[in-house]
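Number of protein chains: 2
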Amino acid sequence: MYQDHLIIDGLQYCNWNRAYFEQLKESGVTAIHATLVYHETARETLTRFAEWNLLFEQNPDLIMPVMSMSDVVKAKEEGKVGVFFGAQNCSPLDDEIGMVEVMRKQGLLIMQLTYNNQSLLATGCYEKNDSGITRFGKQVIEEMNRVGMVIDMSHSAERSTLETIDLSSRPICISHANPSSAHAALRNKSDTVIRALAERGGLLGFSLYPFHLPDGSDCTLERFCSLIADTAEMVGIDRLAIGSDLCLNQPQSVLEWMRNGRWSKSLDFGEGSASNSGWPAALPWFPDSSGMKNIFKGLRDKGFSETETAKILGGNWIEFLDAGLKPAE
Amino acid sequence: MYQDHLIIDGLQYCNWNRAYFEQLKESGVTAIHATLVYHETARETLTRFAEWNLLFEQNPDLIMPVMSMSDVVKAKEEGKVGVFFGAQNCSPLDDEIGMVEVMRKQGLLIMQLTYNNQSLLATGCYEKNDSGITRFGKQVIEEMNRVGMVIDMSHSAERSTLETIDLSSRPICISHANPSSAHAALRNKSDTVIRALAERGGLLGFSLYPFHLPDGSDCTLERFCSLIADTAEMVGIDRLAIGSDLCLNQPQSVLEWMRNGRWSKSLDFGEGSASNSGWPAALPWFPDSSGMKNIFKGLRDKGFSETETAKILGGNWIEFLDAGLKPAE
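Those protein sequence lines, which keep their order, are chains X and Z. So the first sequence is numbered by this note's numbering: it starts at 29 and just counts up by one. So the second sequence is numbered by this note's numbering: it starts at 29 and just counts up by one.
If you are wondering where the hints come from, they were derived from the structure by calculation, not from laboratory data. The reader is advised that the hints may include incorrect statements.
Any copy, or any two copies together, can satisfy a pair, since identical chains are not distinguished.
Unchecked claim - Computed cross-link-like contacts, DSSO-like style, restricted to lysine-lysine with a CA-CA straight-line distance of at most 27 Å:
{"no.": "1", "residue 1": "156", "residue 2": "166"}
{"no.": "2", "residue 1": "293", "residue 2": "354"}
{"no.": "3", "residue 1": "133", "residue 2": "293"}
{"no.": "4", "residue 1": "166", "residue 2": "321"}
{"no.": "5", "residue 1": "293", "residue 2": "166"}
{"no.": "6", "residue 1": "53", "residue 2": "102"}
{"no.": "7", "residue 1": "53", "residue 2": "321"}
Chain X extracted, bound-state conformation (with noise of 0.2 Å):
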C-alpha cells in the first residue's frame, strides 16, 4: 500500500504557505527536497534560510527541517512533511570555497554546480560550449565530497556533468530530469550521462516537468511509468526516483526570475518561447504532490513490485541520501 512507505519527491519549488503544506500532508508524501534558491548569493541564501525557519516555527504541526535520512523516519512516525534543501546554483558559494561547509552545516544538502548557464564551476546545458570542470569546480567538488553536500547535475551540459561524474569520489544525482532518448531537451539527458551515473551509484529522478516529457502536458501516465521502465531495463530499478519539479502556485514573476535572474536586459524563455512564455499546463494525473499516488499504481500496472515501486518512490531517494549526506571518513 502507498501509505506503508517513505514516499520521497526529489524536486520542488512551490509558493510555500500553510495551504500548501496542507495539501503536501494529505498527499501522504514522506519529505520532499525544496529548492531555496535559483540564482541568490550567500547573503540572499540565509534570507531565505531564516523565512523557512519561520515557516517551520509556525507550522509546526504540518512540516519539520530534514538534516539527515533519520528526520525522514520520525516525519512518517509524526505524521509530519519532511523538508530538505537544495539550490538550482552555486550562486549561495558566491566566489568562495568556504562557503560550502557553511551552506552545508545551515542546512543546504544538495547543489547544482550550475542553472542553464555557464557557472564558476561548470556549464550550464544552454550554452553553446561546455568546457567542463573549471578550477574553483575541481575546488567545489572536492570540498562537497568532503561534507557530504550532495552533487545534482540537473541543469549541468553533457561534459561537465560526465566530468564531475569522474571527479566526484561520490555518487552524485541528477534530481530532475527525463532520458533525451524519449524527449530531446537541452535539460534532459543522454543514455551516456544515465549510464555513467548508475555505474557510479548516481541516482536519476524522473521530472514531470511538460517541457521534460514526450507530447509536454498531454503525456500520459503509461507513457511516463512505461520511461521509467525502460530506464530500469538500462540501468536498473536502484539507481530510480522521482524529482517532480512541481512548481505550484507561482507567479510569472518566478519563472522569469528561474529563467533571467539579473543576467539578462531582454527576456530569455528558457524551455518556453515567446509565444509560450508561461508556466506549461499540468499534467491531469499530477496536478499536486497527490500524483505520486497515481504513479505508484501506474508502476504497480507496469509490473514493478510493490517493494520496487517503493523503491523508486522514495527508497532510493533515502538509501542515496543516507549515505551521501555524511562526511568523508
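Chain X is already provided as a structure; the job is to place chain Z on it using the hints.
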C-alpha cells in the same frame, strides 16, 4: 623631451598612499590606470571607491580622478597625476547586467572579462579548456559597448579573447601583456591575438612584470625595446602602449589575494611556484614609475622618433580611451 608629453601607465596596482603619490608625481607620469579591484564583489568594489575618494580628498595637491581624457590634459596643466580605474575581473558585476552602467557611472572605466580563472563571462588563461564567451558574457559585452566601458582581456584565454574582439562593436585593449613569441607564458598573447586586436583598432600595453618578459628580472631595457620594435613591425606603432603592471610596496598577502581570491583552500602560485612564491625582483631600469623615462630614452635609442615614442608612452592610450569611453551613439 619626455616632460613635454602626456605619459600614461596603462596598469598599476601599488600600495596607494601619499609617499607613493609623491614618487609618482616626481616620475613625470601624467596619469595611471589603477587597478581598483581583483575579486571584490559589487559591494566590496564600492568600498574601494570610497577609499579612493578619501585619497583624492586627502591628496588634492598630488592626484586627481580621471573620468575622461580631458581630465588627463587638466592633470598635466595642474602638475598632478590623474588616476582612472579598472577592474581585473568581472566580480564588480556580481551576476547582474545592470551593474555595468552602475559601475561605469561610479568611475570604473575599464574591466577585464576574466582574471586567470573561468568567470561568468569568459575563460581565464589558467583554465585547461576555453569555451569562449558565455550567454551572460555576450550581454555584458553589448552593455559595455553601449555605456562606454572599455573591455580588457589581459588575463583571458585565447579563444575567449578572439571571440570578444569579434563580438565587441568597439575596439578592446589588452592593458598589460607581452607577445608570447618573445616569452612563452600563459599570460602572454599569440601573434594571432595581437594581429586581430590591432586590426580592430585595439591596444596592447607592454608589461614590465618580470614573469611576462624574456629573461625575467634580467631582461634588459634594450631587449624590452626590441620587443616593442618587433611588434610595431607587425601591427604598426599606433596600437602599442605601456601597461607596466607595477605592484610596489605590496605585502605577500596581496599577491595571494590576486592569485587565490576566495576560491582555493590550498595556495595557488599563479605565475610563480612553490619555491618561488613571492613578488619577482624588479627590473633595475624600471624600479618604479621613473622607469618610464628610461623606456622613453630606450625607444629613442632604438630608432623611434620623438613623436612615435610619445605615442607609445601615452598618446595611443589617450586616443584609444578618448574614443572608447564615450557612450555609444
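**Hint check against the structure, violated hint numbers in rising order** = 4
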